[in-house]
Amino acid sequence: MFSKLALKNVKRSLRDYSVYFLTLTFGVCIFYVFNSMDAQYVMEALKGGNNIARIIIQLIDVISVFVSVVLAFLILYANSFMVRRRKKELGTYLLLGMGTGAISGLLFLETLLIGLLSLGVGLALGVFLSQFISVFTASLFAISIPEFHFVFSPRALGKTVLYFGVIFLVVMCFNSLSVSRCKLLDLLQAGRRNQELKVKNLGVSAVLFVVGAVLLGIAYAMLLTRGILLVDTLFFVMLALGTAGTLLFFLSLSGFLLRVCQANKKLYYKGLNMFILRQFNARINSTYVSMTVICLMLLLAIGITACSIGLNNTVSQLTSAQAPYDVSLSANRYDPETGEELPVDIPAALKEAGFDPAVQLSRSAEVELWQGQLCVPEWDESLVEHVLPLSSYNGLRSLEGLEPITLEPSTYLWVVGVEDEWMTRLLTDTPSLVANHHTLTAGGDPIHAVLSIGYSASPENYLIIPDEVLEGAGDWDTSKMYHNITYYCANYRTDVPKEETEALLQSVISDYYRSVLGEDAGSTSFNTKLNIYMETMGTKILVLFLGIYLGIIFLLTSAAVLALQQLSQAADNQERYAVLTRLGVEEKMRDRSVYVQVFLSFFLPLFLAVIHAVVGMTAANAAIAQVGKLDAAASSAVTAVFILVVYGAYFLATCWGSRRIVRGR
Amino acid sequence: MEPILTVTHLQKYYGARSSVTRAIDDLSFSVQPGEFVGIMGASGSGKTTLLNCIATIDRPTAGHIIVDGADITAMKNKALSKFRREQLGFVFQDCNLLDTLTAFENIALALTILKTPVKEIEPRVKETARLLEIEDCLSRYPYQLSGGQRQRVAAARAIITRPALVLADEPTGALDSKASRLLLDRFEALNREQQATILMVTHDAFTASYCHRILFIKDGRPFTELIRGEDSRKDFFARIIQVVTLLGGDDRDVL
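For the protein sequence lines, the chains are A and R, in the order given.
Counting in the numbering used here, the first sequence runs from 9 upward without gaps.
Counting in the numbering used here, the second sequence runs from 9 upward without gaps.
Careful, some of the hints might be misleading.
As the list claims (entries may be wrong) - Listed below are the simulated DSS-like cross-link pairs for lysine-lysine, each with C-alpha atoms no more than 30 Å apart in a straight line: (1) A/K278 <-> A/K359; (2) R/K90 <-> A/K596; (3) A/K278 <-> R/K242; (4) R/K123 <-> R/K186; (5) A/K273 <-> R/K134; (6) R/K86 <-> R/K127; (7) R/K127 <-> A/K273; (8) R/K242 <-> A/K274; (9) R/K123 <-> A/K596; (10) A/K274 <-> R/K186; (11) A/K274 <-> A/K359; (12) R/K186 <-> A/K278; (13) A/K12 <-> R/K84; (14) A/K273 <-> A/K19; (15) R/K127 <-> A/K596; (16) R/K90 <-> R/K127; (17) A/K273 <-> R/K90; (18) R/K134 <-> R/K84; (19) A/K273 <-> R/K84; (20) A/K167 <-> A/K96; (21) A/K596 <-> A/K359; (22) A/K274 <-> R/K134; (23) R/K186 <-> R/K127; (24) A/K19 <-> R/K127; (25) A/K95 <-> A/K273; (26) R/K186 <-> A/K596; (27) R/K123 <-> A/K273.
Calculated from the structure, these hints are not laboratory results.
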């Protein structure tokens with residue numbers, strides 16, 4: 009009998025609170041999908057190169073803890089909402105002589121059943137979905153999958169079951185506690201209790217609205233002028249201002265709207281407008297806090313998703329620019345006692361270690377990077393820049409398959425990677441420069457290209473000068489020039505797979521490190537295109553997946569909370585709508601009023617969050633522009649689709665659910 | 009004169025075939041325009057069911073209800089909504105005001121649903137409020153009003169659309185005697201000054217004594233009919249008590 013009752017209740021709950029069940033299922037599904045990353049093909053491919061695969065899995069583990077906390081709160085919230093709605097029913101059980109223990113048991117059994125059901129459905133959905141994700145990520149890496157291979161992660165399964173098991177256990181305890189603390193009278197009269205109606209002065213609302221708008225304006229201005237990366241006391245002041253502004257906005261918005269509409273009698277006294285606005289205004293008193301939280305959560309969801317997608321595009325654009333050659337080695341060596349610089353011979357060191365450059369490489373270039381203080385007599389100023397002798401630059405050009413350039417004696421040429429204020433001035437004025445006592449004039453057009461000798465991520469500017477200018481340079485005090493690093497850039501042989509050459513190089517690299525520096529002090533670096541590629545792709549996956557993971561969870565949580573609130577309000581409004589029906593309001597008109605109310609509560613937070621996000625992303629763009637351009641259009645489009653799908657689904661479900669409740673079916 | 013409401017052979021059964029409850033079992037009567045008619049009966053006699061059928065909240069099993077020449081038992085849902093908002097006004101025991109709207113807006117809502125031009129709304133609400141003596145509480149919310157005031161606001165909402173028929177279901181049920189008297193005074197005034205046709209269901213003899221005519225129902229059938237005629241309210245009240253006693257069971261509620 010007992011289990012039959014529980015089963016019946018669960019069946020009814022599934023129908024009445026399908027939003028709750030759907031949210032649970034989605035939560036489980038997403039949790040599994042992201043935790044099952046370790047079982048995907050891509051991870052196998054990534055494991056070869058470096059430890060990025062481990063980092064991805066570790067980060068997902070850490071974030072999953074955070075996500076499970078968010079989900080736990082969501083589930084607790086949804087559950088307490090359901091118990092509140094069922095107070096009268098629980099009161100009836102008590103009245104019939106059921107003990108609180110038995111009722112707790114009943115709720116326990118119900119939660120267990122719903123938990124098991126959503127866990128089962130969610131996991132099934134998750135396993136199904138992870139097949140697609142696996143194929144998708146493999147395609148990102150251009151990894152060909154020989155045949156369909158079922159992806160399944162027992163580790164993720166165990167983890168999902170464990171985490172959600174704990175969450176449901178907490179929910180069960182919470183239920184028992186709330187039932188045992190309830191008084192029978194309160195339970196039975198739960199439906200009859202009047203809602204506390206606090207009506208604020210409308211004039212106050214208007215003032216609050218203006219104050220809120222001003223606070224937001226200040227926060228926006230601060231963000232745009234200061235940038236997003238400067239984290240200090242003022243940054244938190246800015247966050248506080250933004251939050252307070254948002255709070256005031258929602259607190260006063262309905263009153264403000266009401267005031268504006270009341271001034272326009274034609275609008276106010278039209279159909280159910282008066283009723284809708286009053287409803288909205290009456291409710292905002294109890295919902296403005298949650299609306300603020302939801303707005304901020306949506307902001308996080310939008311921001312994280314958009315930034316991760318945008319960054320991801322930026323990162324992949326960078327790969328080829330960042331690593332134009334198959335391999336780049338660098339070294340600088342100096343006497344540990346005198347600090348005097350010593351020459352390095354990278355090809356010889358490689359040969360000594362067992363990797364013969366003459367055999368394994370198709371083309372190579374030795375590059376001497378200098379650092380020089382250049383005087384600009386015309387301006388009476390000086391600047392410090394990277395300097396490359398022409399021969400080194402031509403060596404790099406030949407690696408990229410470009411024709412060598414020539415430079416007249418006593419002229420210079422700029423290779424411009426980033427056009428900052430200085431560069432613009434230098435390019436327009438074309439002043440003569442003094443380097444190592446030689447006066448050089450501008451020769452030839454500047455070349456706009458990103459030169460990535462040591463695979464640096466940020467583009468830089470280089471001054472190309474004739475080799476002879478550097479003769480005798482090296483002592484900073486006399487020449488204002490010093491030799492920075494020797495690079496050795498090369499392309500692998502083309503007749504052997506690059507992976508083989510790379511493996512050979514990797515196997516001897518520690519020997520090379522030893523031989524290149526010998527007994528002296530110094531530093532050396534080694535980077536290959538394949539390595540960079542793996543790292544970039546790993547970062548790409550990391551950024552993309554973590555961003556989408558968090559974005560979806562935040563979006564899901566906010567949408568679910570809104571949906572539950574709206575459904576509970578629809579139930580509260582049932583009587584008001586019954587009155588309207590008696591007054592002769594048609595079903596169509598009534599439905600419209602329901603939709604408008606759901607629409608307002610869903611899209612007002614979204615609206616403000618989007619404005620926040622636009623401002624925030626403008627600021628973020630300014631910060632990211634240092635690395636590369638954030639692809640705003642593409643990331644916005646993808647984010648918009650994301651939001652439309654998840655948020656829109658909840659919106660529609662809530663509209664239908666509310667309509668059904670109001671119609672009393 | 010053409011009757012405003014005609015009920016013929018009305019029947020309303022509840023339940024399945026095996027256990028039928030006859031809430032209304034063959035009831036016929038008619039109401040003339042401008043009449044103030046009361047319907048009395050013990051609990052379970054079918055008076056609320058009757059009112060619900062006329063209010064189109066419930067559908068009768070058989071029979072016809074004709075309001076202002078239109079048979080409402082044959083109407084579709086959409087037509088019913090139109091009929092309700094144009095021809096009927098309701099006053100219920102629990103007054104059914106919308107708690108989020110002010111008294112003024114509650115009354116005005118009945119007009120906005122009818123798509124009344126904006127210019128007319130304010131003067132009409134004020135005029136109706138004057139009639140019901142609630143002018144000074146128009147800007148308040150229902151929870152700030154007394155029970156009697158709320159009931160009069162509900163009455164104002166019911167008559168502002170100038171309906172063919174005002175239906176009142178136990179309007180004094182939740183009021184003390186002073187508030188009841190005030191409300192009924194206003195009902196009388198409405199009936200007298202605006203020629204509003206009022207059909208009021210009650211089980212309270214005092215409330216009923218304000219009516220011109222009272223139909224008594226027992227077990228879903230007409231029991232008897234009292235017409236006030238030239239009687240004073242006190243005499244009419246005494247006659248009502250006699251019938252109530254005869255009906256039995258309900259006399260405890262009188263005092």
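So, going through the hints one by one against the coordinates:
1. At most 30 Å may separate the alpha-carbon atoms for a hinted pair to count; A/K278 and A/K359 exceed this at roughly 88 Å.
2. Restraint check for R/K90 and A/K596: the C-alpha separation of about 12 Å stays at or below 30 Å, so the hint holds.
3. The suggested pairing of A/K278 with R/K242 is violated, with an alpha-carbon distance near 47 Å, which exceeds 30 Å.
4. Our distance criterion of 30 Å between C-alpha atoms is broken by R/K123 and R/K186, whose separation comes to about 36 Å.
5. Pair hint A/K273 plus R/K134 holds up; C-alpha atoms about 16 Å apart against a cutoff of 30 Å.
6. Taking the CA atoms of R/K86 and R/K127, the gap is near 27 Å; set against the 30 Å cutoff, the hint holds.
7. In summary, the hint linking R/K127 to A/K273 is supported, as the alpha carbons are separated by about 9 Å, within the 30 Å threshold.
8. For a cut-off of 30 Å, the pair hint linking R/K242 to A/K274 is broken: about 49 Å separates their Cα positions.
9. Between R/K123 and A/K596 the alpha-carbon distance is near 15 Å, which keeps this suggested pair within the 30 Å criterion.
10. A distance of roughly 39 Å separates the Cα atoms of A/K274 and R/K186; the hinted pair therefore is violated under the 30 Å criterion.
11. Between A/K274 and A/K359 the CA atoms are separated by roughly 89 Å; this puts the pair beyond 30 Å, and the hint is violated.
12. For the hint linking R/K186 to A/K278, the alpha-carbon distance of about 37 Å lies beyond 30 Å, and the restraint is violated.
13. Distance check on the hinted pair: A/K12 and R/K84 sit about 41 Å apart at the alpha-carbon level, beyond 30 Å; violated.
14. With a CA separation close to 48 Å, the supplied pair A/K273 and A/K19 exceeds the 30 Å bound.
15. Taking the CA atoms of R/K127 and A/K596, the gap is about 26 Å. The hint holds against a cut of 30 Å.
16. Taking the CA atoms of R/K90 and R/K127, the gap is about 22 Å. The hint holds against a cut of 30 Å.
17. Between the alpha carbons of A/K273 and R/K90 the distance comes to roughly 24 Å, so the proposed pair stays at or under 30 Å and holds.
18. Taking the CA atoms of R/K134 and R/K84, the gap is about 34 Å. The hint is violated against a cut of 30 Å.
19. This hinted pair does not check out: A/K273 and R/K84 have alpha carbons roughly 33 Å apart, beyond 30 Å.
20. Distance hint between A/K167 and A/K96 is unfulfilled; the C-alpha atoms sit about 37 Å from each other, more than 30 Å.
21. Of the pairs offered as hints, the one joining A/K596 and A/K359 is violated, with about 84 Å between alpha carbons and a cut-off of 30 Å exceeded.
22. The hinted pair formed by A/K274 and R/K134 meets the criterion: a straight-line CA distance of about 18 Å does not exceed 30 Å.
23. Taken as a hint, the R/K186 and R/K127 pair is broken in the structure, with Cα atoms around 36 Å apart against an allowance of 30 Å.
24. For the hint pairing A/K19 with R/K127, the CA-to-CA distance comes to about 52 Å; that exceeds 30 Å, so the pair is violated.
25. For a cut-off of 30 Å, the pair hint linking A/K95 to A/K273 is broken: about 42 Å separates their Cα positions.
26. Proposed proximity of R/K186 and A/K596 is contradicted: the alpha carbons are some 41 Å apart, above 30 Å.
27. Only pairs whose Cα atoms come within 30 Å are accepted, and R/K123 paired with A/K273 is accepted, the gap being roughly 13 Å.
Checked against the numbered hints given earlier, the structure breaks hints 1, 3, 4, 8, 10, 11, 12, 13, 14, 18, 19, 20, 21, 23, 24, 25, 26 and satisfies all the rest.
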